[in-house]
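Line by line, the protein sequences give chains F and A. Residues in the first sequence are numbered from 1430 upward in steps of one, following our numbering. Residues in the second sequence are numbered from 1430 upward in steps of one, following our numbering.
Each statement offered as a hint is correct.
Between beta-carbon pairs, the in silico distance windows are:
hint : chain 1 : residue 1 : chain 2 : residue 2 : range
1    : F       : Thr1653   : A       : Ala1663   : 37 to 43 angstroms
2    : A       : Asp1716   : F       : Ala1677   : 52 to 58 angstroms
3    : F       : Pro1437   : A       : Ala1551   : 53 to 59 angstroms
4    : A       : Val1760   : F       : Glu1569   : 39 to 45 angstroms
5    : F       : Asp1599   : A       : Glu1654   : 58 to 64 angstroms
What the hints contain is simulated information worked out from the structure, not anything from laboratory work. Note that this is a predicted model, so its numbers are computed, not measured. For each residue, glycine too, the CB sits at the ideal point set by N, CA and C.
There are 2 protein chains.
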Amino acid sequence: MKKLINEPDAVVDEMLAGMVDAHPDHLRRIDGTQVLVRADGPIDGKVGVVSGGGSGHEPTHGGYIGAGMLDGAAAGDVFSSPTGDEFERLVDAVDGGAGVLAVIKNYEGDVMNFETALELQAMEGAETAEVIVNDDVAVEDSLYTSGRRGVCGTILVHKAAGAKAAAGGDLEAVTAVAEKVIDNVGTMGMALTSCVTPEKGEPTFDLGADEIELGIGIHGEPGTERTEVMSADAVTAELTGRVLDDLAIEAGEEVITIVNGMGATPLMELYVVQRALGGILEDAGVDVWDSWVGDYMTSLDMAGVSITVCRLDAELKELLAAPADTPALTVA
Amino acid sequence: MKKLINEPDAVVDEMLAGMVDAHPDHLRRIDGTQVLVRADGPIDGKVGVVSGGGSGHEPTHGGYIGAGMLDGAAAGDVFSSPTGDEFERLVDAVDGGAGVLAVIKNYEGDVMNFETALELQAMEGAETAEVIVNDDVAVEDSLYTSGRRGVCGTILVHKAAGAKAAAGGDLEAVTAVAEKVIDNVGTMGMALTSCVTPEKGEPTFDLGADEIELGIGIHGEPGTERTEVMSADAVTAELTGRVLDDLAIEAGEEVITIVNGMGATPLMELYVVQRALGGILEDAGVDVWDSWVGDYMTSLDMAGVSITVCRLDAELKELLAAPADTPALTVA
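Construct all of the structure, not just a fragment, from the sequences and the given hints.
Written out as structure tokens, the structure reads:
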């Protein structure tokens, strides 16, 4: 294993320190925790929007903290859920008096620990709500979940819910927007290589020099299908077809897409995939409102890509186009 | 070799198609070329700022096209200079009547072909100027250069010169700003792994499982020193020390830094490096005005990092903070 780290068990702490060092105007770390919150928060009278989960998916989640997106995020150890206590510190820290929405990716540890934290905060008088993101169309149940996994579509939930909260929406309205994204978004991913965790130091699954894996998760879970190396066009057709089928997207509908790198994929390759995706959607008569290409939700040093499609309406377009000012995403 | 591509000799064409597909509001491709220009250009009465070079460094250069940065960029084949003809098409396309500044990274092919294009355009009446970026402190001469190589510091030249042009600066003033950045910026990089070109399909240099290479370039050139694997802190100290020495940065001076991923480096690791860099500069009494962390100038699928430091004054801070709206960099 070769990585730019120091001690493997210090990597999350040092990463968070680096994030705050680079983005002091955006991020503040709650002392003694792995929780990052808005430097200028909590915002009085605004619904707080929070997320969190294991580390290794950067810029998810801390990179999306800032005006118009998240108010804070708890970082667990690599691929491990934050504790209930850390989630509780997070919810408490961002509560500006209008309630807090927790955006939870569907993993058993995240759901259990986040829900425990929300219950405890509610007992202390906080107004709280939750949504569970489950956009991965590759699997029905998985190694770490009952039901589908939450992956890159989560970023669109952050953006839309964050914009609604910034516009003064109440907790019910912010939650409704988050649910609308979840109802209309799907993602599927693939890997050229496994990721290597700092602690283990070796691949979490083995792939031959001429093999790729479809339907992978973001925690080194093996995928649903192993095949010989395919062209970028063939990979894109496979992933996109599965997502469009799941969402039952039809000609004339309007969508946003994300071509997301898994951590070690050059941008050159992501744009080759984008070209194929654009062609498929054009042939299908689907209207593309916007296309994001880059590393939005990664899996350490995995080489691969996921494709996200989300059906849009006028409200979601307005929210996704609204200003955001975060380390990883700026919408002017 | 496993890559998300189709035919290796189509990768640049397909990447450019994907860039335009994703960013139609920003980018337009000149038919029959590998030249991208601003979708809303040329801008009447504004100095055009252009760059270009071999592909494989994405988002450099096309990703920096847009208001406040570049007016256009020519993309060569992977690690190959664009032709003189393509550079000439570029310069001609962005000329809004106030002249064109070419920002050239110091590689023999780029310099020769860009200068030929500028001479031919000047003969047709265009007002042109050039600057040559040579920020790599690792080597004095190299495989592809007389003098130092141009690497990630180039992005700061694009930003400052682009902002000066957007603010109405004339060709002389825009050129002077570019020269000021070049005089005050240094970069040094290292690799955990070699890159693999689509055409060759194998590493351009061999590194053992316990070796790293310091002083690498961005075209798969071997570095200046091969060592055993070092910690992130030790790597950061080595690179930063070399850059600070070269620039003779002293306590009390103000700088901007870039921790740049080489293409396959997870953001988690870049932030671990950022933490170390911040500590070194604090200990040295250097005042950090801003810190950029991410993939700004890559070398295909190389895992590694480069560190850029640029000394600032009031003018450069104002220009770097000015608005920019490009696919890869948004300053609101």
